[in-house]
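Visitor: The lines below spell out each chain.
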Amino acid sequence: GDSVTQMEGPVTLSEEAFLTINCTYTATGYPSLFWYVQYPGEGLQLLLKATKADDKGSNKGFEATYRKETTSFHLEKGSVQVSDSAVYFCALSDSGGGADGLTFGKGTHLIIQP
Amino acid sequence: GAGVSQSPSNKVTEKGKDVELRCDPISGHTALYWYRQSLGQGLEFLIYFQGNSAPDKSGLPSDRFSAERTGGSVSTLTIQRTQQEDSAVYLCASSLARNSPETQYFGPGTRLLVL
Numbered sequence: 001g002d003s004v005t006q007m008e009g010p011v012t013l014s015e016e017a018f019l020t021i022n023c024t025y026t027a028t029g030y031p032s033l034f035w036y037v038q039y040p041g042e043g044l045q046l047l048l049k050a051t052k053a054d055d056k057g058s059n060k061g062f063e064a065t066y067r068k069e070t071t072s073f074h075l076e077k078g079s080v081q082v083s084d085s086a087v088y089f090c091a092l093s094d095s096g097g098g099a100d101g102l103t104f105g106k107g108t109h110l111i112i113q114p
Numbered sequence: 001g002a003g004v005s006q007s008p009s010n011k012v013t014e015k016g017k018d019v020e021l022r023c024d025p026i027s028g029h030t031a032l033y034w035y036r037q038s039l040g041q042g043l044e045f046l047i048y049f050q051g052n053s054a055p056d057k058s059g060l061p062s063d064r065f066s067a068e069r070t071g072g073s074v075s076t077l078t079i080q081r082t083q084q085e086d087s088a089v090y091l092c093a094s095s096l097a098r099n100s101p102e103t104q105y106f107g108p109g110t111r112l113l114v115l
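Chains as they are written, first to last, in this note's numbering: chain C, 1 to 114; chain L, 1 to 115.
It should be emphasised that the hints constitute simulated quantities derived from the structure, not laboratory data. Just so you know, these numbers come straight off a predicted model, no measurement behind them. Positions of the beta carbon are idealized from the N, C-alpha and C atoms, including for glycine. Some hints here could point you the wrong way.
Below, simulated SDA-like cross-link-like pairs (lysine to any residue); rule was C-alpha separation at most 25 Å, straight line [what the hints assert, rightly or not]: (1) C:LYS52 <-> L:ALA97; (2) L:LYS11 <-> C:VAL87; (3) C:LYS60 <-> L:TYR105; (4) C:LYS106 <-> L:GLN37; (5) C:LYS60 <-> L:GLY72; (6) L:LYS11 <-> L:GLN84; (7) C:LYS68 <-> C:SER85; (8) C:LYS56 <-> L:ALA97; (9) C:LYS106 <-> L:LYS17; (10) C:LYS106 <-> L:GLU85; (11) C:LYS60 <-> L:PRO108; (12) C:LYS60 <-> L:GLN80; (13) C:LYS106 <-> L:TYR105; (14) C:LYS52 <-> L:TYR105; (15) C:LYS106 <-> L:GLU44; (16) L:LYS17 <-> L:ASP63.
Far from chain L, some chain C residues (derived; all Cβ distances over 10 Å) [what the hints assert, rightly or not]: (17) THR12; (18) GLU15; (19) LYS106.
Example chain L residues on the side facing chain C (calculated, C-beta under 7 Å, incomplete) [as the list claims (entries may be wrong)]: (20) LEU43; (21) PHE45; (22) TYR48; (23) PHE65; (24) GLY71; (25) THR103; (26) PHE106; (27) PRO108.
Generate coordinates for the entire structure from the input sequences, incorporating the hints supplied.
Guide: As structure tokens, this is what we get:
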């Protein structure tokens, strides 16, 4: 079945550091890939998405590129801020494999220190 | 209207009691999804509706769980004879349509605690 694997947290960085959160996936079809973010006390919000290979999703300074050859969708940001502290979830939607709903990774807790 | 809304926001119940969780999707969204977020299992997909129909209920954890949707809008997730392992945050999401990589918009969740 489909699965998403992302790096375990918590990840602690200093403000203005470079961020990478790794995400790899397995899917039976041709998935769309997503990063969702959950800020403290808030609900899940879509951060960015990519629907086909080599697409790059970007939002709020975050980027992720859909790499079919490595089945990856790593999240990056050049200079993190304290306000980026949150839990980040990588997810896929497999439109070709008959799966319904999103398959999520377990989440990466990011802590940015001033 | 605004985003997806869920009620109640928090629910504490005793083991063995039934609970009903409500989700009000974004107006015009035909697809509706239920997920469960727990410490041990992360985010699990439970069930989806296209309109009022739920074609696949295999994601529901047990036969104590049921869900329905009426009028293509509000959905309720019912848990009968609750157990302590049902304690989790239950999330609802909606999207414009299912048969495309449409973005799912999530509600704030209902935090369920079974004592």
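Visitor: It remains to establish, for every hint, whether it holds in the given structure.
Guide: Status of each hint after checking the structure:
Restraint check for LYS52 of chain C and ALA97 of chain L: satisfied, since their Cα atoms lie roughly 18 Å apart, inside the 25 Å limit. With a C-alpha separation of about 23 Å, the suggested pair LYS11 of chain L and VAL87 of chain C falls inside the 25 Å cut-off, and the hint holds. Proposed proximity of LYS60 of chain C and TYR105 of chain L is supported: the alpha carbons are some 18 Å apart, at most 25 Å. The straight-line distance between the Cα atoms of LYS106 of chain C and GLN37 of chain L is roughly 10 Å, inside the 25 Å bound, and the hint therefore holds.
Using a Cα cut-off of 25 Å, the hinted pair LYS60 of chain C and GLY72 of chain L is violated, with the two alpha carbons roughly 34 Å apart. This hinted pair checks out: LYS11 of chain L and GLN84 of chain L have alpha carbons roughly 13 Å apart, not beyond 25 Å. At roughly 29 Å between alpha-carbon atoms, LYS68 of chain C and SER85 of chain C are farther apart than 25 Å, so this suggested pair is violated. About 23 Å separates the Cα atoms of LYS56 of chain C and ALA97 of chain L, which keeps this hinted pair within 25 Å; it holds.
At most 25 Å may separate the alpha-carbon atoms for a hinted pair to count; LYS106 of chain C and LYS17 of chain L exceed this at roughly 30 Å. For a cut-off of 25 Å, the pair hint linking LYS106 of chain C to GLU85 of chain L stands: about 18 Å separates their Cα positions. Proximity of LYS60 of chain C to PRO108 of chain L is assessed by CA-CA distance (about 21 Å); at most 25 Å being required, the pair is judged to hold. Note on LYS60 of chain C and GLN80 of chain L: the hinted pairing is violated, with a Cα-Cα distance of about 42 Å set against a maximum of 25 Å.
For the suggested pair LYS106 of chain C and TYR105 of chain L, the alpha carbons sit about 19 Å apart, so the restraint of at most 25 Å is met. Distance hint between LYS52 of chain C and TYR105 of chain L is fulfilled; the C-alpha atoms sit about 20 Å from each other, no more than 25 Å. A C-alpha spacing of about 10 Å is found between LYS106 of chain C and GLU44 of chain L, which places the hinted pair at or below 25 Å, so the restraint holds. Note on LYS17 of chain L and ASP63 of chain L: the hinted pairing holds, with a Cα-Cα distance of about 15 Å set against a maximum of 25 Å.
At roughly 20 Å from the closest C-beta of chain L, the C-beta of THR12 of chain C stays outside 10 Å, upholding its exclusion from the interface. In this structure GLU15 of chain C is separated from chain L by more than 10 Å, as the shortest Cβ-Cβ distance comes to about 28 Å. For LYS106 of chain C, the condition that its CB be more than 10 Å from all CB atoms of chain L is violated, with the nearest at approximately 4 Å. With 7 Å as the threshold, the beta carbon of LEU43 of chain L comes within range of chain C, its nearest partner Cβ sitting at about 4 Å, so the hint holds.
Interface hint at PHE45 of chain L: satisfied, since its Cβ lies 3 Å from the closest Cβ of chain C, which is below the 7 Å cut-off. At its closest, the beta carbon of TYR48 of chain L sits 5 Å from a beta carbon of chain C; the interface hint therefore holds under the 7 Å criterion. Checking PHE65 of chain L against chain C by beta carbon gives a least distance of about 15 Å; that is not within 7 Å, so the hint is violated. With a cut of 7 Å, the hint placing GLY71 of chain L at the interface with chain C is violated, because the nearest CB-to-CB distance is about 21 Å.
A hinted interface residue such as THR103 of chain L counts as satisfied when its beta carbon comes closer than 7 Å to some beta carbon of chain C; here the least separation is about 5 Å, so the hint holds. Restraint check, PHE106 of chain L versus chain C: the minimum CB separation of about 4 Å is within 7 Å; hint holds. Taking 7 Å as the C-beta cut-off, the interface hint given for PRO108 of chain L holds, the closest approach to chain C being about 4 Å.
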